[in-house]
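There are 2 protein chains.
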Amino acid sequence: MQIKELGETGVLNCIKTHSQGEDSQVIIGIGDDAAVINPKPGFLSLYACHMLVENSHFILNRSTPFQIGYKGVTKSVADIEAMGAASRFLLVGLSLPPDTPAQFIEELYEGIYAANAVCGISTIGGDISDCQGPITICLTIVGEAKAEDITTREGAREGDYIVVTGALGAAAAGLHLVLNDISLDTPEAVQEVLQKQLQPEPPWGKGTTLARSGAVTAMTDISDSLSHNLDKICKASNKGAILELKDLPIAAPAKIVAAAAGCDVLEWALNGGEDFELLACVDPGKLSQVQELMQQNGHDIYVIGRIIDQTGLYIRQDDQLKALSPKGFDHFL
Amino acid sequence: MQIKELGETGVLNCIKTHSQGEDSQVIIGIGDDAAVINPKPGFLSLYACHMLVENSHFILNRSTPFQIGYKGVTKSVADIEAMGAASRFLLVGLSLPPDTPAQFIEELYEGIYAANAVCGISTIGGDISDCQGPITICLTIVGEAKAEDITTREGAREGDYIVVTGALGAAAAGLHLVLNDISLDTPEAVQEVLQKQLQPEPPWGKGTTLARSGAVTAMTDISDSLSHNLDKICKASNKGAILELKDLPIAAPAKIVAAAAGCDVLEWALNGGEDFELLACVDPGKLSQVQELMQQNGHDIYVIGRIIDQTGLYIRQDDQLKALSPKGFDHFL
Numbered sequence: 008m009q010i011k012e013l014g015e016t017g018v019l020n021c022i023k024t025h026s027q028g029e030d031s032q033v034i035i036g037i038g039d040d041a042a043v044i045n046p047k048p049g050f051l052s053l054y055a056c057h058m059l060v061e062n063s064h065f066i067l068n069r070s071t072p073f074q075i076g077y078k079g080v081t082k083s084v085a086d087i088e089a090m091g092a093a094s095r096f097l098l099v100g101l102s103l104p105p106d107t108p109a110q111f112i113e114e115l116y117e118g119i120y121a122a123n124a125v126c127g128i129s130t131i132g133g134d135i136s137d138c139q140g141p142i143t144i145c146l147t148i149v150g151e152a153k154a155e156d157i158t159t160r161e162g163a164r165e166g167d168y169i170v171v172t173g174a175l176g177a178a179a180a181g182l183h184l185v186l187n188d189i190s191l192d193t194p195e196a197v198q199e200v201l202q203k204q205l206q207p208e209p210p211w212g213k214g215t216t217l218a219r220s221g222a223v224t225a226m227t228d229i230s231d232s233l234s235h236n237l238d239k240i241c242k243a244s245n246k247g248a249i250l251e252l253k254d255l256p257i258a259a260p261a262k263i264v265a266a267a268a269g270c271d272v273l274e275w276a277l278n279g280g281e282d283f284e285l286l287a288c289v290d291p292g293k294l295s296q297v298q299e300l301m302q303q304n305g306h307d308i309y310v311i312g313r314i315i316d317q318t319g320l321y322i323r324q325d326d327q328l329k330a331l332s333p334k335g336f337d338h339f340l
Numbered sequence: 008m009q010i011k012e013l014g015e016t017g018v019l020n021c022i023k024t025h026s027q028g029e030d031s032q033v034i035i036g037i038g039d040d041a042a043v044i045n046p047k048p049g050f051l052s053l054y055a056c057h058m059l060v061e062n063s064h065f066i067l068n069r070s071t072p073f074q075i076g077y078k079g080v081t082k083s084v085a086d087i088e089a090m091g092a093a094s095r096f097l098l099v100g101l102s103l104p105p106d107t108p109a110q111f112i113e114e115l116y117e118g119i120y121a122a123n124a125v126c127g128i129s130t131i132g133g134d135i136s137d138c139q140g141p142i143t144i145c146l147t148i149v150g151e152a153k154a155e156d157i158t159t160r161e162g163a164r165e166g167d168y169i170v171v172t173g174a175l176g177a178a179a180a181g182l183h184l185v186l187n188d189i190s191l192d193t194p195e196a197v198q199e200v201l202q203k204q205l206q207p208e209p210p211w212g213k214g215t216t217l218a219r220s221g222a223v224t225a226m227t228d229i230s231d232s233l234s235h236n237l238d239k240i241c242k243a244s245n246k247g248a249i250l251e252l253k254d255l256p257i258a259a260p261a262k263i264v265a266a267a268a269g270c271d272v273l274e275w276a277l278n279g280g281e282d283f284e285l286l287a288c289v290d291p292g293k294l295s296q297v298q299e300l301m302q303q304n305g306h307d308i309y310v311i312g313r314i315i316d317q318t319g320l321y322i323r324q325d326d327q328l329k330a331l332s333p334k335g336f337d338h339f340l
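Residue numbers (the numbering used here), protein chains in the order written: chain W, 8 to 340; chain V, 8 to 340.
Errors might be hidden in some of the hints.
Identical chains blur together in the list; that is why a pair holds if it fits in one copy or across any two.
As the list claims (entries may be wrong) - Cross-link-like lysine to any residue pairs, in silico, SDA-like; alpha carbons within 20 Å at most: (1) K293 / I35; (2) K334 / L19; (3) K242 / S220; (4) K329 / A174; (5) K242 / N20; (6) K334 / G38; (7) K253 / A268; (8) K329 / L273; (9) K293 / I322; (10) K253 / A243; (11) K329 / E251; (12) K153 / Q327; (13) K47 / I34; (14) K47 / E29; (15) K329 / Q302; (16) K262 / D192; (17) K11 / Y321; (18) K11 / S63; (19) K47 / G269; (20) K47 / I157; (21) K242 / H183; (22) K334 / I157; (23) K153 / P48; (24) K153 / P105; (25) K334 / E12.
Derived from the structure by calculation, the hints contain no laboratory data.
All of these numbers come straight from a predicted model, not from anything done at the bench.
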């Protein structure tokens, strides 16, 4: 069945039948002119928005609709966690060609709701339109945090440790396999990097835990790339950074895939995007307590460098400092 | 200059240079991973989302980018006013082909900011992506209201007056002219209906004033059409309605255009969408005080029928009751 046979009401019914847990802050959910939410007293509200466009952000015969939805939520949660906040509500705008199978919407929402369930998010609304062109999904996420936990990009100070919450390069390795039809004799590593690219886990709890430590001076996520997002922190804070090559936590399956495919895994780790981990600067006197708090909450943390007063990005390899150019994906270049 | 020459940062700079008034609730605006808002204590938050797609919602050589942005805000505000709430914050997701002129974005945002200024809205964030296909704009609007002012579609009671806040049919008349290349010898009326179609004014203050009266039992906007949206109120309230044909406030320029073009103006008034007025049900004992409050605030109000206990929609013409079928635009039929 195609969605043009269901009509708008049929499509909405198909969305509304997906169950989600009760949420005491949701006064009115999907169905009226607007959703109504009771903000948690004493908390600030956070907002981020992502456009996901067919053939720019996903390729239909490479990703399942479930994976597209799941990854969209992961991307949204990364932005909210990057501010030290908890993700709470989601709005989903959809633009679909009339011959889209109804099953696409069902599976897309299954992916959205599955990731929502991991993070405690309720889908509260959205819109749906027809189009003659690529499928476009706009996710708007609403988060909440206490004022004291909000962490921006601009507070990095000289001497701060630079930390990252997970291994690097696997998503870029997966993207390389998705874009180039390569067959490798390393099935487990291939499977792992494809999973990291196509259905990455949301960094749920990582940013909020870091923020709660009270020791984080600046934070962002590395969805664009480690070098690109570190550059954003440094520019916003008017500082520079030195990364230690030996300390970069490069994902094991990315190393295997890079070796098998003849690619540079360091390039993936530094400049590949979509690892959806968090990058934070930590007060050097409080590093051990941050590490302890992350460990208690089951989250990884790796120290990968220091903030310096001089602007610019550098990476140390065998006692040599090399300038590091921030690179990442630009939609228009 | 095309946006592929500006790059993502250039596009963002182009957006950020647009000025907007100070907003004490905006703690962090455009630029970090997420925007941060301080919700007004004691108020609920409202959310609605709209996808605007080239060739489905606008045609580039018929609408200016300014008009597309302005109308998008109007559409968003209509949903929030329909709940009795004030519009406050906006997120803008954009998906644009790389050869889009930079001027398109500038003028689009000028339209958005112009309508924002009318309604007291701050743009707090968004996203931008490239695409190979139609321009797609996703607007997510955030409103706020006291719990007692929130008005849904489901409270209509037998005997309630049905009111509408403005004249009907002009936007549909304008759409007829936009879609059919017709030349009419009624330039003023043509100009007026085109304005109503291409750059309609937001129903700012109309829904909040109605809600504040305490006399409104159900409310929605008539962006889909009078018949379609009245049907939604009736279905949600498990009631029916009788409209009085003689009392329908049909827009004068729509009548002139219909006569000149040989069209049925009543069809436009009942089933044409995008008038962006509000449709409300009013406690019959409090009609005069609602009318007075609307007048004091400079808003029109027209009584066009009554709610009945029996389900179904009817229209009375010359003492004859005829069944009225709810019609409106369905994106997928």
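First find the shortest C-alpha distance between K329 and A174 inside one copy, then the shortest across copies, and answer within, between, both or neither for a cut-off of 20 Å. neither (22 Å within a copy, 69 Å between copies)
Tell me, please, which holds for K153 and P48 at an alpha-carbon limit of 20 Å: within, between, both or neither? Answer is both: 10 Å inside a copy and 14 Å across each meet the 20 Å cutoff.
Classify it for me, K329 with Q302: is the Cα-Cα distance of at most 20 Å met within a copy, between copies, both or neither? Close neither inside one copy (32 Å) nor across copies (71 Å); limit 20 Å.
At most 20 Å between C-alpha atoms: does K47 with G269 qualify within a copy, between copies, both, or neither? So K47 and G269 fail the 20 Å test inside a copy (51 Å) and across (56 Å) alike.
When no copy is named, should K47 and E29 be tagged within, between, both, or neither for a Cα gap of at most 20 Å? within (16 Å within a copy, 24 Å between copies)
First find the shortest C-alpha distance between K153 and Q327 inside one copy, then the shortest across copies, and answer within, between, both or neither for a cut-off of 20 Å. neither (42 Å within a copy, 61 Å between copies)
First find the shortest C-alpha distance between K293 and I35 inside one copy, then the shortest across copies, and answer within, between, both or neither for a cut-off of 20 Å. Intra 43 Å, inter 26 Å, cutoff 20 Å: neither.
Within a copy, between copies, both or neither: which one fits K334 and L19 at a CA-CA cutoff of 20 Å? between (41 Å within a copy, 17 Å between copies)
Taking 20 Å as the upper bound on the Cα-Cα distance, should K11 and S63 be classified as within, between, both, or neither? between (25 Å within a copy, 14 Å between copies)
Between K329 and L273, at a C-alpha cutoff of 20 Å, which is it: within one copy, between copies, both, or neither? within (14 Å within a copy, 74 Å between copies)
At 20 Å max between alpha carbons, let me know whether K262 reaches D192 within a copy, between copies, both or neither. within (14 Å within a copy, 73 Å between copies)
Using 20 Å as the alpha carbon limit, work out where K242 and H183 are close: within a copy, between copies, both or neither. So K242 and H183 fail the 20 Å test inside a copy (29 Å) and across (52 Å) alike.
When the structure is compared with the earlier hints, violations turn up for hints 1, 3, 4, 7, 9, 10, 12, 15, 17, 19, 21, 22 and 24 and for no others.
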